[in-house]
Amino acid sequence: MAGVDTTMAGDTWTARAFYAVARAVCVGFCRLWFRMSVDGLEHVPATGAFVLAPVHRSNMDTPIVSVVTRRRLRYMGKDSLWQMSFPRWALSALGGFPVTRGSADKEALVRCIAVLKGGEPLVLFPEGERKTGPLVEPLFDGAAFVAAKAAVPIVPVGIGGSERVMPKGSRLIYPRKVHVVVGAPIVVPGADRGRVPRVALGEVTITLHDELQRLFDVAQARAGA
Numbered sequence: 001m002a003g004v005d006t007t008m009a010g011d012t013w014t015a016r017a018f019y020a021v022a023r024a025v026c027v028g029f030c031r032l033w034f035r036m037s038v039d040g041l042e043h044v045p046a047t048g049a050f051v052l053a054p055v056h057r058s059n060m061d062t063p064i065v066s067v068v069t070r071r072r073l074r075y076m077g078k079d080s081l082w083q084m085s086f087p088r089w090a091l092s093a094l095g096g097f098p099v100t101r102g103s104a105d106k107e108a109l110v111r112c113i114a115v116l117k118g119g120e121p122l123v124l125f126p127e128g129e130r131k132t133g134p135l136v137e138p139l140f141d142g143a144a145f146v147a148a149k150a151a152v153p154i155v156p157v158g159i160g161g162s163e164r165v166m167p168k169g170s171r172l173i174y175p176r177k178v179h180v181v182v183g184a185p186i187v188v189p190g191a192d193r194g195r196v197p198r199v200a201l202g203e204v205t206i207t208l209h210d211e212l213q214r215l216f217d218v219a220q221a222r223a224g225a
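Quick note on numbering: the sequence shown equals residues 1 to 225 in our numbering.
Some hints could be false.
[Unchecked claim] Pairwise CB distance ranges (calculated):
no.: 1; residue 1: 84; residue 2: 203; range: 36 to 46 angstroms
no.: 2; residue 1: 85; residue 2: 140; range: 26 to 36 angstroms
no.: 3; residue 1: 171; residue 2: 48; range: 37 to 47 angstroms
[Claimed, not checked] No farther apart than 30 angstroms at their CA atoms in a straight line, the calculated lysine-lysine pairs in the DSBU-like style are these:
no.: 4; residue 1: 117; residue 2: 106
no.: 5; residue 1: 177; residue 2: 131
no.: 6; residue 1: 106; residue 2: 168
no.: 7; residue 1: 117; residue 2: 78
no.: 8; residue 1: 149; residue 2: 117
no.: 9; residue 1: 131; residue 2: 106
no.: 10; residue 1: 78; residue 2: 168
no.: 11; residue 1: 149; residue 2: 131
no.: 12; residue 1: 106; residue 2: 78
no.: 13; residue 1: 149; residue 2: 78
no.: 14; residue 1: 106; residue 2: 149
no.: 15; residue 1: 78; residue 2: 131
no.: 16; residue 1: 168; residue 2: 131
The hints are simulated quantities; they were obtained by calculation from the structure and are not laboratory data. In this text, all values refer to a predicted model and were calculated from it rather than measured experimentally. Virtual Cβ for every residue (Gly too), placed ideally from N, Cα, C.
Model the full structure from these sequences, guided by the hints.
The structure is reproduced here in structure tokens:
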């Protein structure tokens, strides 16, 4: 959607209050319905931008990761969701920003970098779309690329049990145990000094993949999945 600002639309007291209430409802529901527990919250930066990079096994992963910080997290969404005024305001207040569906990846990357340079945390699922099974799929370089361009860390997150909560294709949300494990931030070497070679981005992506697999294994075990 050309010309749409990636800064937080409606960044007012009302929008922030709306987000705080919505997050509290999501977190409360997840803790009660999923008996959700979390480890590693000390790894989440209290200030400044960062890329939050969770594994992705369920549509519930998006509300689940809101448990890691009270700060407003940013997400990409297809631009058609912003065509009505109230949904547009609500989606923006909840941290969403529009990206044209079917557009080149470059547009999405540019908007993600703009969000990070604005000082806000961004959620990117480095596996891309939802996957199934216990193995973390090969990752896209997008998380490493935007983190390097914005000179921010990547915070990996393992989510155990979410696939049992809402499997791909399911419309039901089952009361299954969920456990979240946040890993230590991964820094892209040389990002603060300018351009990062492609080979270095590839190495960061490999490091991120290995850490996500470790965190996912721990989370799955603690969720009894």
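Results of checking the hints against the structure:
1. 84 x 203: 36 to 46 angstroms: holds (44 angstroms)
2. 85 x 140: 26 to 36 angstroms: Since the Cβ atoms of residue 85 and residue 140 sit about 33 angstroms apart, the hinted range of 26 to 36 angstroms holds.
3. 171 x 48: 37 to 47 angstroms: Holds - the Cβ-Cβ distance for residue 171 and residue 48, about 38 angstroms, lies within 37 to 47 angstroms.
4. 117 x 106: holds (16 angstroms)
5. 177 x 131: Distance ~19 angstroms between residue 177 and residue 131 Cα, so the pair holds.
6. 106 x 168: holds (28 angstroms)
7. 117 x 78: holds (21 angstroms)
8. 149 x 117: The given pair, whose Cα atoms are some 9 angstroms apart, holds under the 30 angstroms limit.
9. 131 x 106: Distance of about 23 angstroms is within 30 angstroms: holds.
10. 78 x 168: Distance ~19 angstroms between residue 78 and residue 168 Cα, so the pair holds.
11. 149 x 131: Holds - the C-alpha atoms of residue 131 and residue 149 are around 27 angstroms apart, at most 30 angstroms.
12. 106 x 78: Cα-Cα ~15 angstroms, so holds.
13. 149 x 78: With Cα atoms ~23 angstroms apart, residue 149 and residue 78 stay inside 30 angstroms; holds.
14. 106 x 149: Holds: residue 106 and residue 149 sit about 13 angstroms apart, inside 30 angstroms.
15. 78 x 131: holds (20 angstroms)
16. 168 x 131: With Cα atoms ~8 angstroms apart, residue 168 and residue 131 stay inside 30 angstroms; holds.
The structure shown violates none of the earlier numbered hints.
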